[in-house]
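Residue strings, one per chain:
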Amino acid sequence: MSVILFLVFAVIAVVCGINLVIQRHPINSALSLIGVMGSLAVLYLMLGAEFIAAAQVIVYAGAIMVLFLIVIMLLNAGAEGRTRRPSWGAIVGIPLIAVFLGLVSFVIQALLPKSETVAFGQFTGGNARNIGHALFTTYLLPFELTSVLILIAIVGAIVLARKEID
Amino acid sequence: MLHAAVPLNWYLILSAILFCLGLAGYLYRRNVITVFMSIELMLNGVNLSFVAFSYKFRQVDGQIFTYFVMVVAAAEAAVGLAIILTLFKNRQTLDIDDVNSMKD
Chain A
1 MSVILFLVFA
11 VIAVVCGINL
21 VIQRHPINSA
31 LSLIGVMGSL
41 AVLYLMLGAE
51 FIAAAQVIVY
61 AGAIMVLFLI
71 VIMLLNAGAE
81 GRTRRPSWGA
91 IVGIPLIAVF
101 LGLVSFVIQA
111 LLPKSETVAF
121 GQFTGGNARN
131 IGHALFTTYL
141 LPFELTSVLI
151 LIAIVGAIVL
161 ARKEID
Chain B
167 MLHAAVPLNW
177 YLILSAILFC
187 LGLAGYLYRR
197 NVITVFMSIE
207 LMLNGVNLSF
217 VAFSYKFRQV
227 DGQIFTYFVM
237 VVAAAEAAVG
247 LAIILTLFKN
257 RQTLDIDDVN
267 SMKD
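These protein sequence lines are chains A and B, in that order.
Numbering follows this note's numbering, with no gaps: position 3 of the first sequence is 3.
Here this note's numbering = 1-based position in the second sequence + 166.
These aren't lab readings, by the way, just hints derived from the structure by calculation.
Just so you know, these numbers come straight off a predicted model, no measurement behind them.
Ideal Cβ placement from N, Cα and C applies to all residues, glycine included.
Be careful, since some hints might not be right.
[To be verified] Straight-line C-alpha distance at most 25 Å; calculated SDA-like pairs for lysine to any residue:
(1) Lys-269/B <-> Arg-257/B
(2) Lys-222/B <-> Gln-109/A
(3) Lys-114/A <-> Asp-227/B
(4) Lys-255/B <-> Arg-24/A
(5) Lys-114/A <-> Gln-225/B
(6) Lys-269/B <-> Ser-87/A
(7) Lys-114/A <-> Phe-219/B
(8) Lys-114/A <-> Phe-223/B
(9) Lys-222/B <-> Ala-41/A
(10) Lys-255/B <-> Val-66/A
(11) Lys-255/B <-> Ala-41/A
(12) Lys-255/B <-> Met-65/A
(13) Lys-255/B <-> Lys-222/B
(14) Lys-255/B <-> Ser-267/B
(15) Lys-222/B <-> Val-11/A
(16) Lys-222/B <-> Val-235/B
(17) Lys-222/B <-> Ser-105/A
(18) Lys-222/B <-> Glu-80/A
(19) Lys-269/B <-> Glu-80/A
[As the list claims (entries may be wrong)] Listed next, the stretches of chain A that the computed footprint assigns to chain B, with coverage defined by at least 3 CB atoms under 8 Å from CB atoms of chain B:
(20) 2 to 10
(21) 32 to 46
(22) 59 to 73
(23) 89 to 96
(24) 113 to 125
(25) 145 to 153
Turn these sequences into a full structure, and let the hints guide you.
Put into structure tokens, the structure is as follows:
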């Protein structure tokens, strides 16, 4: 059952990811990204990370992607034009990325024992209670720093959005 | 097949695939919003491997890192989209090839 669930949602994630890259219109890319995030939430749930799965749906697929969609509609972004000329980097890029992916997959297969499997319900440490405990004891300083970061981001976004640059 | 378990490697390879797709989108797309979404895709791929390693070591720390990545991504989206708005107001374009005044 878990193999079928994994395969279904992994295929959805990869297909949506490919669709994100090949679509010319940003709205289609944004909707594909929401598909990737939704299927990743299911995979997080299978890995025992309930809180992260919920946060993935609420923060990523909910808040961040709505921000993206609002900006796309606000700017009335259309499909992007054709590239004028294929650059040197564009020709070499795809083979290099493929080599990188093959190398990473090889290292993963070589270093990790293949007997290690994922069974749903074997690790239940990812509930809100454990996350909150770790966040407010071990990771208290980074947690407080993120509040400063968010404040800076709010102020920066307001300043940038209303300033006129000559 | 029904009772077979999924190897942990598959999750990590899926994460690598998503990262590489984001990388390809970052390098090949010319719309600045799509480039930005490719960065989000790369962040999501890395998050998956954080959660997979959190499962492997039976510790919650990897999930805390994922949480921080989400916070940073939210802040980044707010500032980045404000930059895109300012760019569009000043240049009336979203094409990154047309925004090269620092290059030449």
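Comparing the hints with the structure gives:
no.	hint	verdict
1	Lys-269/B <-> Arg-257/B	holds, 16 Å
2	Lys-222/B <-> Gln-109/A	holds, 15 Å
3	Lys-114/A <-> Asp-227/B	holds, 23 Å
4	Lys-255/B <-> Arg-24/A	holds, 22 Å
5	Lys-114/A <-> Gln-225/B	holds, 20 Å
6	Lys-269/B <-> Ser-87/A	holds, 16 Å
7	Lys-114/A <-> Phe-219/B	holds, 14 Å
8	Lys-114/A <-> Phe-223/B	holds, 15 Å
9	Lys-222/B <-> Ala-41/A	holds, 18 Å
10	Lys-255/B <-> Val-66/A	holds, 21 Å
11	Lys-255/B <-> Ala-41/A	violated, 36 Å
12	Lys-255/B <-> Met-65/A	holds, 22 Å
13	Lys-255/B <-> Lys-222/B	violated, 48 Å
14	Lys-255/B <-> Ser-267/B	holds, 16 Å
15	Lys-222/B <-> Val-11/A	holds, 23 Å
16	Lys-222/B <-> Val-235/B	holds, 20 Å
17	Lys-222/B <-> Ser-105/A	holds, 17 Å
18	Lys-222/B <-> Glu-80/A	violated, 42 Å
19	Lys-269/B <-> Glu-80/A	holds, 21 Å
20	2 to 10	holds (count 5)
21	32 to 46	holds (count 7)
22	59 to 73	holds (count 8)
23	89 to 96	holds (count 4)
24	113 to 125	holds (count 7)
25	145 to 153	holds (count 5)
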